[in-house]
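K.L.:
Here is how the chains run, residue by residue.
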Amino acid sequence: MNDIGPVPKTANISKALRGFIADIGPTIALSLESCVHCGQCAEACQFYVQTSDPRYTPIHKIELFKQTYNRELGPFSLAYKFLGLTPALTTETLTNWQDLVYDSCNMCGRCSLICPMGIDIADLVETTRHGMYEAGLAPADFLGALAEKEHATGSPFGLTSEKLRTLLTEIGTTHNVEMHIDEPHADIVPTISSIDVKTYPGSMAAIAKILNRIGKPWSFLTGGFDADNVSLTAGDRAGQDAITQGIVSAAIACGATTLVMPECGHSFTEMRWEAANAYGKDLPVRVLQITELIAEHIQSGKLRVNKIKQTATYHDACQLSRRGGATAAPRVILAALGVDVHELEDAGDANWCCGGGGGVALIKRAQPLRDAAFAIKKKQIEATAAPVVYTSCSGCRQTLDHGGKSAGWTTTVSSLLELVADNLAP
Amino acid sequence: MSVATLILVAGMFWRLSGILLLRRRVAHAAARNPLAVRLLGGAVTIVTRTLPRRTFWPRVGAGVALSYVFHIGLFIILFGGAPHILIIRDIFGVSWPDLPKGVIVIASGITLAALILLLLRRLTHPVLKLLSTPDDYISWIIVFLPVATGILLSGETVASYGTLLALHILSVEALMIWLPFGKLMHVSLVFAGRFMLGYNFSRKGAAT
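Residue numbers (our numbering), protein chains in the order written: chain A, 60 to 485; chain B, -9 to 198.
Same shape as in the complex, but just chain B (with noise of 0.2 angstroms):
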């Protein structure tokens, strides 16, 4: 196990337990829906907060739409990318067919152009620029390198094919490292998220 595996694991296990064994408060009210309606409302709700409700679309809309553009182009790249695929065969034994590496350029390209029209974003609207932190900036430099590196690889342009294929490794890994810590565990605390806030909800009777 590398270094970065092991910063990631430990990280994201000592954060979660820091967060899900705090002393709990058992809610005492009389539910309005049996504990397998609860259940049922959080799981549910993981799968509708990942579009805000209508009436939000058009004040959120462009937002939303080009954060999927960069969340969707990584899917697409860490899934169906031939070496990505290689690696997670050689980790957990388990393939599918690729993408072709026209495709996954592609992507990485849209992926990238997204990620600085994000960033540009953030540094012009007043919203994000006031909720913003360096954690958002470090965030975004971390996931902007796999990407970069990894298009650069692809071309085999700049430099070698072993120098290049460093450079994307040691971001991955960098990656890695600062994922506990910032706010790029929101790979796992939003499905947590999401699935406390519809329990709740749904013990009240409430939308989700």
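Next comes chain A alone, as it looks inside the complex (with noise of 0.2 angstroms):
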């Protein structure tokens, strides 16, 4: 078991069973109902696989939440609170199950993929997340932090328009591309991923030179930008649609058609998948992630770019492909592009997590678990003998980085979106 460092003396616990309940459906009810404890689950965890720790049976993850569920909402909850068929949450089983719902999980759902019962476990942890945070049980250091910072100023980063503004020119500055800030029009509107501002700005620089030459009307807006969404991974469902909230209204604000996500996989998902339900009804704009967008144009023959002779291999973002529907938009790209791809073992829908997913990457003493999952993809990174591997996700790109620089990697972890706006054909 990890060290969870100081257990609280009270966690609210009214607040995380109102956090857990409050979105329970059909949906969420059958899969908390299905489970014939078969452990086929634990198979396909990264977590359980490096370690076989059986705490990593990711639907043991969510077993408080199903509990509550038998408790207060199931089709025989009286039996179970009157019978005393379950234990009622306390702090301390809470407290005992917070490295399970945060520190043991990326929500890759590769659980979800092997489940016989069709369980989505991923979706059911990340409604445990819920309720973990209504009782103040985020872990802080860093997860919890961000997403408090991120809830009061839009920004994990406390990062301010003005700043954005300041940063966004100075990029453009810096790699000779025409910036787009804040103009009254916009056709495309890019948003941004904190990650890349702290990290990876070139990726800013990539997005400008590429809807450059899209030539559509495209704007970034500093209103509402940071599509991060660490808010989503920390279980703060209301800042989680309060950020998606501002990125939609700034968007509509600007007669905005396209919402173009960055390198990230869970602001994809929530943008794309969520963000609707916080609106209320289908989004006035269309929301893809920045490979679709390139993917689509090189496909209508609006973009072109050049051949490049270069071996490479590709991680997969889980939110993208297996959550998100996106697995064949990068493949379009790379074969666009020339790229000889030696594909990873389980390339695609079935693919491993770097590790860093799901705010893992956000919390400090989780480091020993996310090296441990790591290992799966250095490994199987390794095995292809590509020198480069490409990924479409800032938070698994700074995760591929990280790890490889500890192992003593000369492997190049980089960004499709920046391959492509270097090779862009004239």
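What the hints contain is simulated information worked out from the structure, not anything from laboratory work.
Any given hint might turn out to be false.
[Claimed, not checked] Just so you have them, the derived chain A footprint on chain B, three or more residues with Cβ under 8 angstroms:
#1 16 to 22
#2 64 to 77
#3 170 to 176
Virtual Cβ for every residue (Gly too), placed ideally from N, Cα, C.
Each chain sits in its own coordinate frame; assemble them with the hints.
P.N.:
Set out below in structure tokens:
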């Protein structure tokens, strides 16, 4: 078991209950009712596979949520409650589950892919985090702290509109690319990942280069920009919705038809599949991940790229492929670039997470677990003998970067977006 | 209608209603696929989740195979045994040729052996030990008894036919009474769960 640090004296049990129950509809109830305790999900989870610790069995991670459902809402809740068939939540039990719900789950959904009963366990973990966050049990160092800052300021690092405007202008100057910032009208609105702002500013220059080439009116908007949505992974549902609403409102205000999500897996899942629910109806803008936008324009012939002679492999971000349905787009791009792709074992929908997804990269104490999970990816990448690994998620890129450096890799980790920007054909 | 049948039907109805009548959250995001494709995705997933993807076989293959030996054995006994076909004919008016008694006895023996191995696995595998609840063990006994009494009934060695038949029927009624309340409910939930997942992931254009 991971050291989860100081144990709080009290957790807000009633808020945890509300957080658990608020989202339960037929789909979640069906999932909670269906488990036959076959244990197959353990064999799909990197944390169990690497540690052999049965606590990391995915369906076990949502046990408190399931118990709460049985006591409070299930068809036999009266029997559960009055016969004492399942214990009530306590600060101690919630705290003991913290590392299972956060540290050892990337919400990668590999368990959902194997479950013979069709249980979407990753979705259940996301809902479980809502209860944990409400109880005040999101790991403070750093995930919870970043989520709080994001909720308060709109950016996990407190990036203000003015600061972003300055940064984008500087990036345009540094990379010699024309930037469009806060234009009164734009068809295409790209959003930004905080990881890119802090670590990979070149990716914003790459987006600008590509959108300039596509030629439709576009603009970064500093009114609602930070798509990272740390709140989602922390379980702060209100924060998650607030961030989403800010981005959508800004895009609608400038007449956008397409909202482009950056190289960030969870931000895509949130905006593509969850945002409309917070909005209450289908969004009036189309949501595309940047690789989808590029692939679409390559396929329509509106964006041309040079053929490059390069051998590489590609790491699928779970939220883009398995959870998001955008598995094909990066491969369209790599094919157009003429890259000799040495696919990873289990590439595409059955890929393994890099180890940092689901906010695990933002939990300091989870590093040993993260490293254990990364070991699978490391082995797979090394087996391809490719000198470069591309990805379309800055979170994955960062995890691969850090893991590779620790391992003394000569393999380069790079962004598919930046590869396209560097190889636009005249 | 027997009390056991009444409890079975009412219990299943209650449990399914309790799940399906919860307030439904409408998914507003624009689907990648039209309704027909999503429905097909749900239907296809009912079939495809029957076996894990090939990449998972090395880690789960043995457990899955053992589980299928048990399930297929039970299917053969239930739908191939002459007495069971007669009961089905009396209730539903349909019938089919029965399998030789020897085949049913062998299938019963294999099913029983598989059940015992599954129990041993549950008692010794760290993950299964952790996940298991009283429901798992009650359900095991509830399924074991009809198979065991069925074998004894075919041999008529340890007691009279009447006594063994009574025990067999009682054990089946116990199964019917327990089914709606425990994991045996997966006889219906497996279809609903797989369909729902297949539908939702087809909506996203993601693998099911």
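K.L.:
Quick check: which numbered hints come out false for this structure?
P.N.:
When the structure is compared with the hints, only number 2 turns out to be violated.
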